[in-house]
Amino acid sequence: MAKSPATPEQLEADYGPHLNYTPEGGWSKESRTTPDRLVKTHCCFCGQQCGIQLKVSQNQVIGFEPWEEFPFNRGMLCPKGVKRYLQANHQDRLLSPLVRTSGGFAKASWEEALSLTVRRLREIQERYGKDSVAVFGGASLTTEKAYLMGKFARLAVGTRHIDYNGRLCMVSAGTAYKLAFDVDRSPIPWSEIPKAQVLFVIGANIGECAPITTDYIWRCRDNGGKLILADPRMTPISRNADLFLPLRPGTDLALLSGMLHVVLRDNLQDDAFIEQHTSGFEAVKASVARFDPRTAGEMTGVPPEAIEKAAHWFAKADRAIAMHARGLEHQSKGVENCSALINLTLATGHVGREGCGCTMITGQGNGQGGREHGQKCDQLPGQRSLLDPQAREHVARVWGITPDELPQPGYTAQEIMNAIHAGEIKALFSICFNPLVSLPEADFTREALEKLEFFAVTDIFLSETAHHADVVLAGSLQEEEEGVTCSAEGRVIHIQQAVDPPGDARRDSEIICDLARRLGKGQFFPFTTPREIFDELREASRGGHADYYGITYEKIDAQMGVFWPCPTLDHPGTPNLLLGGVSFFPDGKCRFQLAEWRESGDPVNEAFPLYLTTGRVVSQYLSGTQTRRIGALVDIYPEPLAELHPRLAEQYGIADKDWVTVTSRRSEITLRASVVRTIRPDTVFVPYHWAGRKSANMLTHRTLDPRSKIPEFKVSACRIQRASGPIEGERD
Amino acid sequence: MHGYEFYVDPSRCIGCQACVKACEECETHRGQSMINFDFIDRAETIATAAYVCWHCDEPTCAQVCPADAIKQDEDGVVHSALKSRCIACSNCVLACPFGIPKIVPKYEQMMKCDMCYDRTSVGKRPMCATVCPSQALAYVKTEDIAARREKPSNIFYFGNQKITTQVYMMTPPDTDSVTLDITAFMWEQTHAGR
Chain D
1 MAKSPATPEQ
11 LEADYGPHLN
21 YTPEGGWSKE
31 SRTTPDRLVK
41 THCCFCGQQC
51 GIQLKVSQNQ
61 VIGFEPWEEF
71 PFNRGMLCPK
81 GVKRYLQANH
91 QDRLLSPLVR
101 TSGGFAKASW
111 EEALSLTVRR
121 LREIQERYGK
131 DSVAVFGGAS
141 LTTEKAYLMG
151 KFARLAVGTR
161 HIDYNGRLCM
171 VSAGTAYKLA
181 FDVDRSPIPW
191 SEIPKAQVLF
201 VIGANIGECA
211 PITTDYIWRC
221 RDNGGKLILA
231 DPRMTPISRN
241 ADLFLPLRPG
251 TDLALLSGML
261 HVVLRDNLQD
271 DAFIEQHTSG
281 FEAVKASVAR
291 FDPRTAGEMT
301 GVPPEAIEKA
311 AHWFAKADRA
321 IAMHARGLEH
331 QSKGVENCSA
341 LINLTLATGH
351 VGREGCGCTM
361 ITGQGNGQGG
371 REHGQKCDQL
381 PGQRSLLDPQ
391 AREHVARVWG
401 ITPDELPQPG
411 YTAQEIMNAI
421 HAGEIKALFS
431 ICFNPLVSLP
441 EADFTREALE
451 KLEFFAVTDI
461 FLSETAHHAD
471 VVLAGSLQEE
481 EEGVTCSAEG
491 RVIHIQQAVD
501 PPGDARRDSE
511 IICDLARRLG
521 KGQFFPFTTP
531 REIFDELREA
541 SRGGHADYYG
551 ITYEKIDAQM
561 GVFWPCPTLD
571 HPGTPNLLLG
581 GVSFFPDGKC
591 RFQLAEWRES
601 GDPVNEAFPL
611 YLTTGRVVSQ
621 YLSGTQTRRI
631 GALVDIYPEP
641 LAELHPRLAE
651 QYGIADKDWV
661 TVTSRRSEIT
671 LRASVVRTIR
681 PDTVFVPYHW
691 AGRKSANMLT
701 HRTLDPRSKI
711 PEFKVSACRI
721 QRASGPIEGE
731 RD
Chain R
1 MHGYEFYVDP
11 SRCIGCQACV
21 KACEECETHR
31 GQSMINFDFI
41 DRAETIATAA
51 YVCWHCDEPT
61 CAQVCPADAI
71 KQDEDGVVHS
81 ALKSRCIACS
91 NCVLACPFGI
101 PKIVPKYEQM
111 MKCDMCYDRT
121 SVGKRPMCAT
131 VCPSQALAYV
141 KTEDIAARRE
151 KPSNIFYFGN
161 QKITTQVYMM
171 TPPDTDSVTL
181 DITAFMWEQT
191 HAGR
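Chains D and R supply the protein sequences, listed in that same order. Each residue of the first sequence is one higher than the one before, starting from 1 at the first, in this note's numbering. Each residue of the second sequence is one higher than the one before, starting from 1 at the first, in this note's numbering.
Any given hint might turn out to be false.
Unchecked claim - Below, computed lysine-lysine pairings styled on PhoX-like, alpha-carbon distance capped at 25 Å: (1) D/Lys309 to D/Lys285; (2) D/Lys40 to R/Lys124; (3) R/Lys151 to D/Lys195.
These are computed hints drawn from the structure, not numbers from a lab. Here the structure is a predicted model, which means the values were calculated and not measured.
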């Protein structure tokens, strides 16, 4: 049913991606120097959520001006932030709803598109049951929208299957932090980073994926701090690493267990902290006994002496911080990896004091706020559990329903796609998610999308996933609707509406509320402004760990952000979550978690002897739905390359810029090679932001971490071969 | 200017090119970036360097210009060649020891970093140094730069040519000047007395 209605060429001609290089009206338009107003808001892209001022003239975003007073980034921006304004007034922008016809997509009225959507959802639910419809949300949505999606799925659609693209981001870290501290947020604000004497960064390409954090790290080094960096690739910040640990993909747990082994062997643990503030230490101690430096060295490919040195530096420092991102988290043992890092931090007593802690570097724009208020399949607002009777009762009361009317937890994102493929889920309503590019095993995702009996997408541009839609609802850009997000450091910030949506495009929350009314649940969705949604969210989150009750738009503006929890209106917010080493559990203890070794779900063998690891480049964001349309960004890194070490390249007769076919157990892609001495010779790296026959996720596999259900993007097995050119039909 | 100085530290550069892209947003040269950016040798290293014009106290580019098109203003900022005078001969391009000036063919004019004169002359910080996420390009007060582990220097030797500049290079703490020619390390040269 949901096959693409036109050829890729025709869809590209109509909907892009086309490249925009110049601001609205051209470079010399006089209004650029004299905009009507400067709107203090935030970047729409990654979890750094940098402060930025948008130049607005005649209801159009025409440029930017740095916002130097905002404390997190003090005016700093990466190239994505600098050029983000070029997504406004873009020729590819969806200006009205679209409905699939036999000859392609046709423009439709809102009445036509929404009534068709409601009719099809109802028909399918009547025929196959409530849970035959799934809802996908996204972590680029404001927190108000994310909250609304959870409520919309459970109350208006009445399905238990709602999940979001944050499932592909860092849910393993969130799960591990919940297990250890009973709260899912960075325990520290970034202002702690420069105070550390040792920074241990593992699996985080900070220079490219969290660029502003680089300045915090360099300032730490200015203060005399040492940087330990563990990664299969020398990423940009490796240039100033004091100790570099080039570990094999997927062996982080062995490295971390080896470091903890050395700490305990050399009696460098903080016994007083362990005694007073933790539980579960003895079992963890026993579990790392076998990870002597030599064993850990053999498993990771890191010299045993380097493992010892890293352990000594980290443990002996009075103040040390461990930081991680997707490298540690995107594994089928992602929770174990993060738990091992937390264990190391707890054992050395680096929790709850100045310049100390462990922290996850949230990647998606609202990756933090988007995972707090009910957009996850098992979650209610305030980071509450959908299984907790008290939480159900509280939220049901705020929503004016009985707890029984709340569905039980549903499937996670990949499980939803699996269930679509299996025919169990028949219809999908998706917003702000491009699974064809971002989920593993793209051919499987495509097959699943083609099986849908009905597929509705809300988006700003026609993503590759939206090619399969029956109805496309033209939604809003970040700068077109007010709201809040929560940044990587846990700071709730205020997104301002700078302009109105163009053409017939509508604000996302209006679309969702309109649909809810048409589904007969309008009484639960009376909202006319994001502020009204936020006020309900504050009540719904009240008393939960992610308590927003005391946060208002005005307070955010006055304080330049408010860190949650913020339980009362006169509460200043909570930048440091674990002060004094006290967790969110009732007993206040931090919990060591057993982190046991497991092989990758896609092991290397003779047929597939190399590791494939995927990641990002600084100039692109996520599945590229926005950034692949901005010419100035595309120019920096126009298409995916396969990074290879010269030793590996030579073995296969591949020179720099040659074509190379990378084959996994799923599929193959053919790309140009980038032969660089900065990657392990047993590893191939491909960035993932692109669709089609060069898409890295053609190769990745669907093995999930059993608890968090995060896919293993960072470890696949592959083989390579020199190719004479791109595969047929692909451009150079 | 206004108590701020410009500092360049390639050792902090992460190659993101925010500076290159932000430079295009400057109002005096809209859409044209004046940043010099290099991947030093991508095959061998992730090292990158972004730099602006050093704004020499005695600019070689202006000295060699046959059309007298390159002007230094009262703040010491060396500007792009005057459109009405520039003959696009490339003398400046060849003579600049730092390799900064570029002929922009579509304008038949030498264009270069003017330290965001439209901004810095009115007390704003230049685009590149304001946005730079790693502060490899920094436009800050002297006391702020003193907190760094590297030390600023604005004295450069190119063989026997000594150049002093408005813009500072961050150097290892025990270095007073930046020497970019092997001859400076040769006994004959040092013995001859720099």
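Original post:
Is the straight-line distance between the alpha-carbon of D/Lys309 and that of D/Lys285 25 Å or less?
Top reply: Holds. D/Lys309 to D/Lys285 sits at ~20 Å (cutoff 25 Å).
Original post:
Within 25 Å, alpha carbon to alpha carbon, are R/Lys151 and D/Lys195?
Top reply: holds (21 Å)
Subject >> Hinted pair D/Lys40 and R/Lys124, Cα distance within 25 Å >> reply: With Cα atoms ~17 Å apart, D/Lys40 and R/Lys124 stay inside 25 Å; holds.
Hint violations for this structure: none, all hints satisfied.
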